Structures are given as structure tokens and as C-alpha cells.
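Asks: Given the sequences, and given the hints that come with them, work out the whole structure.
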Amino acid sequence: MSRNNSLFSRTWQLFCSLKLAIVLASLITLLAIYGSLVIHGHPALFGNLDQLSLRSWARQLPTGTLIMTWWLSAAGLLLILFSLNTLCCFIDWALHVRARWRKSGEYLIHLGVILLAVAFAWGSWAGVRSDRQRVYLHEKVPVPGMPGHELIVDAVEPVMNQQGRPLDMLNQVRLVKGDQLLAAEQVRINHPLSYQDLVVVPVSFGQEAQGYECFMPGLGQLQLIRGARIELDNGKILRVQGFYADATRIANGEVVQQSSQLQNPALLLDLSGPGIPAWRGWYFLREQLPFQLVANGIRFWPVTPIFNTYTVLTINYDPGADLALAGGSLLLIGTLLTLASFYRKRRANDRPEV
Amino acid sequence: MLQYQTPLLVASFALYLVAFLGYLMRRPEPGMVLLWPRVCLSLGFLSHSVCLVIRWLEAGYLPVTNLFSTQFFFSWCLVLVFLYFEYRYRIGSSGLFVVAVNLLLLGVALPRDPAIPVLIPNLDTPLFTLHIVFSFLGYALFTMAFSLGVLYLARQLGMQRLLELRQLRKLNEEAIFLGFCMFTLCMIAGCIWAYIAWGYYFSWNIKSLWSLIVWLFYAGMCHAKFIRRWQGTGYALLSIAGFAVVLFTYLGIGLLLESNHPLD
Ligand code: HEM
Chain F
624 MSRNNSLFSR TWQLFCSLKL AIVLASLITL LAIYGSLVIH GHPALFGNLD
674 QLSLRSWARQ LPTGTLIMTW WLSAAGLLLI LFSLNTLCCF IDWALHVRAR
724 WRKSGEYLIH LGVILLAVAF AWGSWAGVRS DRQRVYLHEK VPVPGMPGHE
774 LIVDAVEPVM NQQGRPLDML NQVRLVKGDQ LLAAEQVRIN HPLSYQDLVV
824 VPVSFGQEAQ GYECFMPGLG QLQLIRGARI ELDNGKILRV QGFYADATRI
874 ANGEVVQQSS QLQNPALLLD LSGPGIPAWR GWYFLREQLP FQLVANGIRF
924 WPVTPIFNTY TVLTINYDPG ADLALAGGSL LLIGTLLTLA SFYRKRRAND
974 RPEV
Chain Y
395 MLQYQTPLLV ASFALYLVAF LGYLMRRPEP GMVLLWPRVC LSLGFLSHSV
445 CLVIRWLEAG YLPVTNLFST QFFFSWCLVL VFLYFEYRYR IGSSGLFVVA
495 VNLLLLGVAL PRDPAIPVLI PNLDTPLFTL HIVFSFLGYA LFTMAFSLGV
545 LYLARQLGMQ RLLELRQLRK LNEEAIFLGF CMFTLCMIAG CIWAYIAWGY
595 YFSWNIKSLW SLIVWLFYAG MCHAKFIRRW QGTGYALLSI AGFAVVLFTY
645 LGIGLLLESN HPLD
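Protein sequences appear in the order of chains F and Y. Mapping the first sequence onto my numbering, position 201 (from 1) lands on 824, and the numbers just tick up by one. Mapping the second sequence onto my numbering, position 52 (from 1) lands on 446, and the numbers just tick up by one.
Take the hints with a grain of salt, since some may be wrong.
In the DSSO-like style, the derived pairs of lysine-lysine whose C-alpha atoms are separated by at most 27 Å in a straight line are [said to hold, decoys possible]:
{"no.": "1", "chain 1": "F", "residue 1": "Lys-800", "chain 2": "F", "residue 2": "Lys-763"}
{"no.": "2", "chain 1": "F", "residue 1": "Lys-968", "chain 2": "F", "residue 2": "Lys-642"}
{"no.": "3", "chain 1": "F", "residue 1": "Lys-968", "chain 2": "Y", "residue 2": "Lys-564"}
{"no.": "4", "chain 1": "Y", "residue 1": "Lys-564", "chain 2": "F", "residue 2": "Lys-642"}
Not close to chain F: a few residues of chain Y, all C-beta gaps over 12 Å, as computed [as the list claims (entries may be wrong)]:
{"no.": "5", "residue": "Leu-402"}
{"no.": "6", "residue": "Ala-408"}
{"no.": "7", "residue": "Leu-428"}
{"no.": "8", "residue": "Arg-432"}
{"no.": "9", "residue": "Leu-437"}
{"no.": "10", "residue": "Asn-460"}
{"no.": "11", "residue": "Phe-491"}
{"no.": "12", "residue": "Val-495"}
{"no.": "13", "residue": "Leu-547"}
These are calculated hints, taken from the structure and not from any lab test. Predicted, not measured: the structure shown is a model, and the values here were computed from it. Even for Gly, the Cβ is constructed at its ideal location relative to N, Cα and C.
Replies: Below, the structure written as C-alpha cells:
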């Protein structure tokens, strides 16, 4: 029993020791210096560290990269030990708080650091990040990490400077759960939507061609976008099955999308009706109408592209964020208190000497 | 009002230079006040501060958003720190290195265009201002700690007309502690700002990592002073090493590597 006790007390003393704190802090600093250089030297491997939670990032690492990433696990382990060290120090102070209350500032700093370390570990483990996600107007986007929650962007308004360069974007964003509105915010630079553990920040915005307005004699202007259905005479039906803003035909005859720029638009059409063989094929808008359409008396001309506005948002769910804020607040209060009491303590020569 | 900024800055530079030469040539006995360099430095600081206020009022925000403004502001912080130690402890020529760095910064900034840049929305938040103000105050205090650390070693090697070793050690510890507190406030503002701007409070970007390294290093130093073996020479050496880390974080990364905190 007493052996156990002495082992416990020796471990306790070790973990309360200032020397251990300095050794650990030095090792972490050295590892971080080494790691920062490795990160800088291998952007392909570490470039997306901010885009994913640490756990998701570690999971998508290719095999055989341990030689470049071992230091992260080592630093993590040392950080755990360091946090334990800080925690023991804090508990030790709390146990003697009647005699040591004058050091409240210092120990609020220590508690703040512990909370920050736990919050970071929690967020790295259970957080989900969706970086630079393209969101179209009125589209319902499931929120990562929060099942049943959806984001809807109702409006996007770019803010330009006098030279026409984009400065900001005003996104009218709603967070809903089923029919219930949970939050609504104008999301712009430095003004995110934040709700519980979720934060939504704007990254960019743009427009993407989603089809073409065409003129057809007899029917007038038609909106040919994916899903459009046009009833023609004699029961014939023309359907738009797809649209590529920049299409090309590859060697095997298949049509593929090259880019999202409006370079070589093409509509995938589907014609059916009584007494005619069903046809499905691509209409490249820069070329002639396909023969099958013309042969069935169908003629139309592209007039103007139809654009869909989208915004690019970063949607991050971090269950440790509130704890991190609490840790940061303690750190702030502790720092101010320690600053305020520094000179009085120095005058009284009130400091531990190890 | 902006037309006054260049004459005010030139006046500050001239007054700082006179003060620097004064401290350099007439090193008094420790504890004695050398009046006219102190007056020159104070007047220079006054003119520097008026210039800062004019720029602030004209811009509608604290202009610390381009290379000129950051050099201008850092040099202001350095003089502020020097004057604090001078008025409180009469450090005189013991803080000369800080005045020299200030002269260098202002000398490099003066030929640059002082025009105030338009504030882009990304930087339009008080968190940015707090982040910058506290980081430069921290850097200025670490510069002072470096200067005191070097002097501690010089004093040990027998250099005369410097403060007592005990006094140098005490002041060095104070500079490190105050610098650490300022840097902590800088990190807190930076983390909150990163969260609302990017959606995460810690970035693996090289500049952020090195800021964490600076913070950890000085946190370690705040404790090392309690360990007898590290007091004095060890602490002076650590102050010098810490300053090298600060220099790399402030200058090295901006100049040598690519980061999201470019120098201009
Ligand atoms: C990143 C983590 C830490 C930070 C930021 C931190 C910060 C501080 C600060 C600012 C002070 C005040 C220094 C002064 O008064 O000049 C302090 C004091 C102290 N810290 Fe820490 N600390 C950390 C970790 C630790 C750990 C792991 C221990 C464990 C032994 C520890 C033990 C102490 C002790 C014993 C004091 C002296 C308190 C007193 O004056 O009685 N600290 N710390």
C-alpha cells in the first residue's frame, strides 16, 4: 500500500514539476520547428491540413508517409503529457488555494491552456470540415457533422470596388432543421454564421452556365436547362437531359465536360413521340442542329446563356469550439490578472525558486 | 493633415538620431539620467505619436496594413518600450540596441510611400488591429530582452558603465514577462479572427506555427526564471535565442518562405 502511495506521490510530484514542464515545452518547440520545415517542404502532403479535421487528414494519408508525419504523433503525445503536467500543476494550486489565491491569474492561464488543448484534441477528432463548398441559390445543403440540419443560401450579392474587382460577397444564409428555422444571417467576410458548433464563412462566389435560352418558331423563347420538357406538335416531346458549358467529344465518341467555362456549350437532348423512333444525342450549340431534330421539323436557335449564381462557403463543424472560447477567455482574464499583480509580487519577492 | 506626416517623421528620426548619439557618446554612470538624450527621445516620440494619430484619424482605422505602416508602427512600439524602461529604471544606454533597431526601421521606412492603403474587408475588424498592436508590442519587448541579455553577458565579461548584473537580470525577466503577456493577447485576437474569417482558430500555415513556437518558447522562459540554474547567464542566452526565433517569424518567413502573412 505504502509502496503504491509512494509511487503515486512520486508520479504526482513529477507531473507537478516545473522542470518537466520546461523539458516538455522545449521538446515540443523543437519538434514544431522541425515539423514546420517538413510541412513547408511537402505541400502535396500537408497542403490540405487546414481543409480537413486532423483525423480525416490522417486517414487520407497514403501509406509510406510515416517518415514525414511521425513528428506530428510525437508532438501530440508530448502535448498530452504537457497538458497533464499543466493540469496537475493547476490541481496542486487549487488544493492550496487558500494560501495561494494571489496566483489566481497564473493559474487561470494554466486552466485556459488545458481547456484549449482539450478543445483542440476534441475538434481534431470529432470535427468535420467542408472546405470551399459550392452552394447554388436555394439549394439545400446538408451540414457536415449535424444530421438533419441544412443550409440554404437565399441571395448572393457581390460587392465590387471602383475598378470592378470583387471585394466582398453578401450571402443571405439560413440554417434549418426540417421546417424549423434555427438561424439566419448575412454572411460576409469576417461575419460568419455561427450556430452552436457550426461556423459558415464565405470564400468566393461565381456564376455557372446551366443551359441556354433558345428561340423556336411557334413556341417563342424556351429555357433549355437540365430537366426541361417541351411539348411539340403531334405529341412529340423534347427533353433536356444535360448541359455542358465546355463539352468535347473524345476518341470513343463519348462527350465529356472539359471545364466549367462557357467555351463550347452542348445540350443532351431526348426526342420521343408517337410514330417516330426515340432519339437521344448531343447538340453542340456552335454547330448545326442534329439531323434527327431537323428531319422531324424541329428548329430552334440559341439566344443567350442561362446562368446560375453560386457561392463558395467553408462549412466547419467543430464540437470543441465553445470549449476553446472558454479556454481563450480564461487565458485572457488570467493574463490581465497576472499583469496587474506582477509588480506587487515582485516587490514582495513572491516567487517560487526551484 | 496628411501633409504634415513626412515633416513629423523626419523630425522624429532626427531627434532619435541625436538621442542615440547622445547615449552612445556620453555613457553616464548607471542610474544617472542623461537629460538631453532623454528629452530628444521623448520629443521624437511625441512627434511620432502625433503622426500616428493623424494617420489613424485620416484613415479611420489604425493603419498597420502594409510594409511602411508596420515598420512605422513597430518603430513607435520600440521607442515606447525604451521610454517605459528609461523613465521607470533609467536604463539609458543599456537600451541603446532598441533605439538602434528603431532608427533602422524608420530609416528604411522613410523613403517609402507613406500613402494610406484602402482597407480591404478582410482586414476591416478590430481583431486585426488588436492582433497587430499586441504582436508589435510583444516583439518590441522581446527586442528589449535581447538587448538586456547581450548586455548581461557583456557586463559579465567586464564591460563597465552598465547596469548592475542583478538589475539587468531583473529587467530582462520583466521584458520577457511583459512580452509574453502581449504576445498572448496577440494570439488570442488572432485565433478569434482566424475563426470568424476562415472557420478554424488554429492554422497549420507556417507563420501561425512559428507564432505558436514563439509563444511556447517565451512561455518556457517565463518558468525558466524560477529555476536557479537558468537564472542569469542561461536566461540571457535564452533571450538571445528567443530573439532569433522572433526575427525568423517576423522577417525570415515573409522574406524567405511563402505564407498567408506576406511582408507587403
Ligand atoms: C503553455 C503552458 C503554460 C503557460 C502559457 C504558462 C504560463 C505561465 C505564466 C505566464 C506564469 C507567470 C510567470 C510570472 O509570474 O512571471 C506562470 C507561472 C507558473 N507556472 Fe506556468 N504556464 C504553462 C505551463 C505550466 C506547467 C506545465 C507547469 C507545471 C509545472 C507550470 C507551472 C507554473 C508555476 C509553478 C508558476 C509559478 C507560479 C507562482 O508564481 O507561484 N506552468 N505560468
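Asks: For each hint given before, does the structure comply? Return the numbers of the non-compliant ones in rising order.
Replies: Those not satisfied: there are none.
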